[in-house]
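Here is how the chains run, residue by residue.
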Amino acid sequence: MSHQVVPVKVYAAIFGALLALTATTVAVSKLELGEYNFIVAMTIAVIKGTLVVMFFMDVRRASSMTKLFIGAGFFWLAILLVFLLSDYLSRGWLLNIHWL
Amino acid sequence: MNATLPFAQTETPINYLNADYGWKSWLFATDHKRIALLYLFSITAFFFVGGAFAVAMRINLLTPEGIFSHDTYNKLFTMHGIIMVFFFLVPSIPATLGNFLVPMMIGARDLAFPRINLLSWYIYIVGGIFTLTAVFQGGVDTGWTFYAPFSSSYSNTHVILAALGIFVSGFSSILTGLNFIVTIHKMRAPGMTWNRLPLFIWGHYATSLIQVLGTPVIAITMVLLGLERVLHAGIFDPTLGGDPILFQHLFWFYSHPAVYIMILPGMAVISEIVACFSRKAIFGYGFVAYSSIAIAVFSFIVWGHHLFVSGQSMYASMVFSFFSFLVAIPSAIKVFNWTATMYKGSISYETPMLYAFGFMGLFTIGGLTGLFLATMAIDVHVTDTYFVIAHFHYVMVGGMVMAYMGGIHFWFPKISGRLYPEGWAKFAALLVFAGFNLTFFPQFILGYQGMPRRYAHYPPEFQVLNVMSTAGASILALGYLIPMIYLAWAWRYGPKSPQNPWNAKGLEWEQSPTPPPTFNFEHQPVVTEPAYNYSGEEQEVKLG
Amino acid sequence: MADSEAILAPQEPELRHHFDDSAQQLEASTLGMWVFLVTEVMFFGGMFGAYIVYRNMYPEAFASTSHFMNVTIGAINTGVLIFSSFTMVLAVRSAQLRQKKALIAFLILTLILGCVFLSLKYVEYHEKWVDHHIPGPGFQYADPRYFHQAQILFYLYFAMTGMHAIHMIVGAGLLITLIVMAARNRFSSGWYTPVEMIGLYWHFVDIVWIFLFPLLYLIGHTQ
Ligand code: HEM
Ligand SMILES: [Cu+2]
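In order, the protein sequences belong to chains G, F and L.
Here the first sequence is numbered in this note's numbering, starting from 1 and rising by one per residue.
Here the second sequence is numbered in this note's numbering, starting from 101 and rising by one per residue.
Here the third sequence is numbered in this note's numbering, starting from 645 and rising by one per residue.
Careful, some of the hints might be misleading.
[Unchecked claim] Covered stretches of chain L, as calculated for chain G (at least 3 residues, CB under 8 Å):
1) 678-688
2) 719-732
3) 751-765
Since the hints were made in silico from the structure, they are not lab data.
The beta-carbon is built from N, C-alpha and C at its ideal position, and this holds for glycine as well.
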């Protein structure tokens, strides 16, 4: 685009951060954290993904239209996952109703 | 009658049809109008293949014992469903009328990506060839829904080929949607603001959203199903530890929104026709426009209503049932607004308007019976009966195909530069309406009385209604054949059309010659008024 | 949009006839690419959905299979892909600055890194082959309790990483196209839309891996 060129420094910093986060997520996965292993791993993945989207894909400076479409993409993914799980997570519920 | 019209043309100027000749100029065309015609001929061919299967089924159902074996009958309804849904109805209006009109209505010279547009047609053809190969190799017997584990582990038919066909043709649908979205965002003529867009565009925009967001999920589902079938290891077959309901979830995540791919473009066409033949602006433009978007969004959170009896959690069923009721609201808004548009309009009864009337009545019945089905307690009774068959044929055939026929007639002069014989057209429209109702209304009763779908034989007490249905189907078939003949005739021999035979509003009629030149407009159109600015118009042009 | 009255002829070599100007053309390409990437999100989304369902249904089996994932290769490959995204972004930057040599160099570097990723992936697949962990008639699993459930995990593993690898292969093909175009001076005029678009695609494929890595290799590892 007609944007200014981003200095290499910025890209290098993001690159470094992504590598560091990868190392962290591998290290944390060796610890016994129970359910938190999952949460930490996904949080780190989301951070990494956001860094790539914002800086490497330059969405930081993209038009609001582009941002809207990206948001819609993840929103629809969330619809798929949430409504899918709404079935699986509530399958056993019926058995627990004692007052019936 | 040409001579009485102000825009009558005496000799044919260069237009998109005569700009170039020879098969190469068609098969390598990047002009959206030519690609629209490529699609028009291909989907018509598929319509007749799918129709042939329907005829065979209806003949079989004339008598309780039928004439085909169960296996053959299973293949008939499967191939009918696959071809009609994926190769006719999904591309029907968007790929033909949409392709032709979206750029013209917003004042653009072409779609944003003309070569991708051509690519989408080739992809469609390749997908079609896969599926047709499956047909000629002996067919598929899983039903168009491909439910696992029957499709993945037990069926002995060409499931993979057919699934591959759907996988491939899905990308043609995605590319069409992508092209429309970008075109509508980026290629509008000066002055064509969002609030001035014809409702046809809003409808196609909403359709495109569904195509782009939903189709990839059916594509990957078909891949997972195919892999399970090839490897005999997978995720849907319960004997392998899988969950067959997961298949149904993923399938309907696409396929329920897809039923809106199969109706929103129809609604888009109806808005244009109703405004033109009532000579009024659409009542509540904003409501109709935004209800399209609302439908696109809500259609994604109701899919579980197809799983009420599949073993889905009851709580999830309740949520899906609730949203299914909600999705009916925007559809109802549209019907109310069309009705309000006609109120005190100066209505004239040309063929497109007849189809629009048909659409409104039949779609309403189809939609209301959808609400019955979305009610869990009723659905348990009528699921997998002819009631469901009747419901979706009222929306898909009574709704979408009516709108498609109406649209084809409405824009036929634009596309071909000729006028069609109005008398024949009205006759055929009435045949379609009568034939349709005779075919499908008895099926509501049959279903309510408990006749299950997808069986080759039935108990004798259902015969009377089935004979009625088959009789209706013959009338319906005639109603579809007649337009084929007179439209083909009119394309060559029909009287030349003036630029704007209906005296309609919209850039495609008002600012573009008929038939349009390759780049649609002779001058860059500039828009200065809202859509459907019919008010104050006096002169009326009568046809036929 | 142009105010001009007549149909515009292309003024610039890369402007296609139906656009008013190259700004409009670039905006259209960018939006088109993003819409395409959204479809890709949903495409992988179906598999992520299946993964979550089965992970939630068979937690013990999933914990058991995750021991057979090669975390070292997975982690190295994550680094390789991130590195390739870095070189890709530098390629786009060189294109912006019209530095032909640097552009070609970074594109080649990206391509090489992509091939490294695929080679390591091949090593991993080969391991699975040797261990009879490929779903299908030859599948074997040490713990008989989890035979079917483990097979589901490996099925998902192969489906997800396989789809990802196919995207990488397509990306490699696109990179080769870019290299040829760059060598032929197609980007010397300051028009570099294809580099930018294919860059977006490449980063997207990277992001998919960023999520696949913890989900398939790390989670459940400690149990
Ligand atoms: C008012 C909105 C609608 C509601 C509430 C609704 C509801 C339903 C429900 C609950 C079913 C499942 C019945 C069963 O299998 O037991 C169903 C089936 C179906 N509907 Fe609708 N529907 C609506 C509109 C539409 C539209 C607009 C279309 C197509 C243009 C459509 C096409 C279908 C199809 C094809 C099936 C059958 C799927 C199969 O083969 O099993 N529906 N509908
Ligand atoms: Cu539905």
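Here's how the hints hold up against the structure:
no. : hint    : verdict
1   : 678-688 : holds (count 6)
2   : 719-732 : holds (count 8)
3   : 751-765 : violated (count 0)
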